[in-house]
Amino acid sequence: MPYFESRLRINFESLDKIKEIFIICEKLGIQNLILEPSNDIIKIPYKLKEQLQKLTSIKLFYRFTLAENSVKELKIKLRKYNNCAEILAIESPNIDIQLFAATDTRVDLLSFSSYNILKTISQGVISLVGQNNKFVEFSLIPLTSNNRSFQSKAFRKLYRSLHMVLKNKTKFIISGNFHNLCDLRHPRALASISHTLIGIPLIEAKKAFSTNVELLVQTVLKRRNKNIFEEGVELI
Amino acid sequence: MNKMERQRYILFKIIQVPHSKLVAFNKKEFLNILWNIIWDYFGMNTASRIGLYLHSLNENFGIIRCSHKTKEIMISALTLLKKIDNQRIIVSPVKTSGILRKVLNAADNLN
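Chain order of the listed sequences is A and B. For any residue, its number in my numbering is found by taking its place in the first sequence, counting from 1, and adding 870. For any residue, its number in my numbering is found by taking its place in the second sequence, counting from 1, and adding 1.
The set of hints was computed from the structure by calculation and includes no laboratory data. Any given hint might turn out to be false.
To be verified - So the derived label-pair ranges between C-beta atoms look like this: (1) B:48 - A:1033: 24 to 30 angstroms; (2) A:1050 - B:57: 27 to 33 angstroms; (3) A:918 - B:111: 29 to 35 angstroms; (4) B:29 - A:894: 24 to 30 angstroms; (5) A:994 - B:57: 52 to 58 angstroms; (6) A:1088 - B:46: 39 to 45 angstroms; (7) B:48 - A:949: 52 to 58 angstroms; (8) B:48 - A:1094: 33 to 39 angstroms.
Unchecked claim - Partner residues are not named here, just some residues of chain B that face chain A (Cβ under 7 angstroms, in silico): (9) 15; (10) 58; (11) 59; (12) 73; (13) 77; (14) 82; (15) 85; (16) 89; (17) 93; (18) 94.
Glycine is no exception: its CB is placed at the ideal position from the N, C-alpha and C atoms.
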């Protein structure tokens, strides 16, 4: 089962630091990585992708995360990503933005990675995401916190949200989203943590780190294929 | 009817983070930290069922034994371990098996 670390923020300008991160990931045994530019890039050039792939044997994928404050701003920003060849995620505590993103065809993923955003999750948004064949993302970033009371609160919110998603049968992924190099862990170990601390079934936890992420990557690859018009309609 | 408890051996890798001082491991200290994590996150109820035994430990890897029912808890506890002797380290489980020989073979491949 190929496991994915589905969110790793990287500054694409410092190749030495990227190399250091790749070495740690290789030591951990991570096989698939989804990188997110921390600097403001709209398109990742093919040359840069090739250059990064030469640094490591890990399979690399890319994603963009938009965190806008209003629907109007998001609409303007999304125009730049009309023909986006990577995974496009939206992250916002604003419910209007969440509802808009859940129905927009350009968006692949609705991210609830921080505690403040997780507080705003609702049954309606999750249901809409499921109906539109999109994905919900959660993160295990509270693991890195040293504040035990915050950690407990965050895990409680994660527990409630994940059980809501499981009940709705919406597809979801879990990412590490760790900012510090020392906090990086293998996705299989994170699946164990999701099972033991958050209480989701082990099969579902493993799916969130492997099969579901694979599905997400495949939807993006299908979007790149110009012969596929929509799900089930392909020009042969 | 209660089934007999089986054992699981977990091989884990210890990764020392770049730019940090090399940590020399002491079996007793490592076990103490591991027990603290188990008590903190899972409580006494779970801790009493684990049957933890540290088979071997060196700078690069270690092998622990636990009951088959608490395998996932042990993997989580190892993952949650962040510091030894105030130095940041990463502990990453590599292989789990019920047969010690298989785990030892995997450890040989790691070297």
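Quiz prompt | Per-residue hint verdict: residue 58 (chain B), partner chain A, C-beta under 7 angstroms | solution = violated, 18 angstroms
Quiz prompt | Residue hint residue 93 (chain B), partner chain A, criterion CB-CB below 7 angstroms | solution = Because about 5 angstroms separates residue 93 (chain B) from the closest Cβ in chain A, which is inside the 7 angstroms limit, the hint holds.
Quiz item: Range hint 24 to 30 angstroms: satisfied by the CB atoms of residue 29 (chain B) and residue 894 (chain A)?
Solution: holds, 28 angstroms
Quiz item: Does the CB of residue 59 (chain B) sit less than 7 angstroms away from some CB of chain A?
Solution: Violated. Min distance 16 angstroms.
Quiz prompt | Status of the residue 15 (chain B) interface restraint (C-beta, 7 angstroms, chain A) | solution = violated, 10 angstroms
Quiz prompt | Whether the CB-CB distance between residue 48 (chain B) and residue 1094 (chain A) falls inside 33 to 39 angstroms | solution = Once the Cβ atoms are compared, 50 angstroms apart, the range 33 to 39 angstroms for residue 1094 (chain A) and residue 48 (chain B) is violated.
Exercise. Using Cβ atoms only, decide whether residue 89 (chain B) comes closer than 7 angstroms to chain A, and label the hint accordingly.
Key: holds, 4 angstroms
Quiz item: Hint check: is the beta carbon of residue 85 (chain B) less than 7 angstroms from a beta carbon of chain A?
Solution: Hint on residue 85 (chain B): violated, closest Cβ of chain A at ~12 angstroms, above 7 angstroms.
Exercise. With respect to the beta-carbon atoms only, verify the hint that residue 1050 (chain A) and residue 57 (chain B) lie 27 to 33 angstroms apart.
Key: holds, 29 angstroms
Quiz prompt | Restraint check, 7 angstroms cut-off on beta carbons, for residue 73 (chain B) near chain A | solution = At about 5 angstroms, which falls below the 7 angstroms cut-off, the nearest Cβ of chain A leaves the hint on residue 73 (chain B) intact, so it holds.
Quiz item: Taking the closest Cβ pair, is residue 94 (chain B) under 7 angstroms from chain A?
Solution: holds, 6 angstroms
Quiz item: Hint check: is the beta carbon of residue 82 (chain B) less than 7 angstroms from a beta carbon of chain A?
Solution: Residue 82 (chain B) check fails; min Cβ-Cβ to chain A is 10 angstroms, beyond 7 angstroms.
In the structure shown, a violation is registered for the earlier hints numbered 8, 9, 10, 11, 14, 15, in ascending order.
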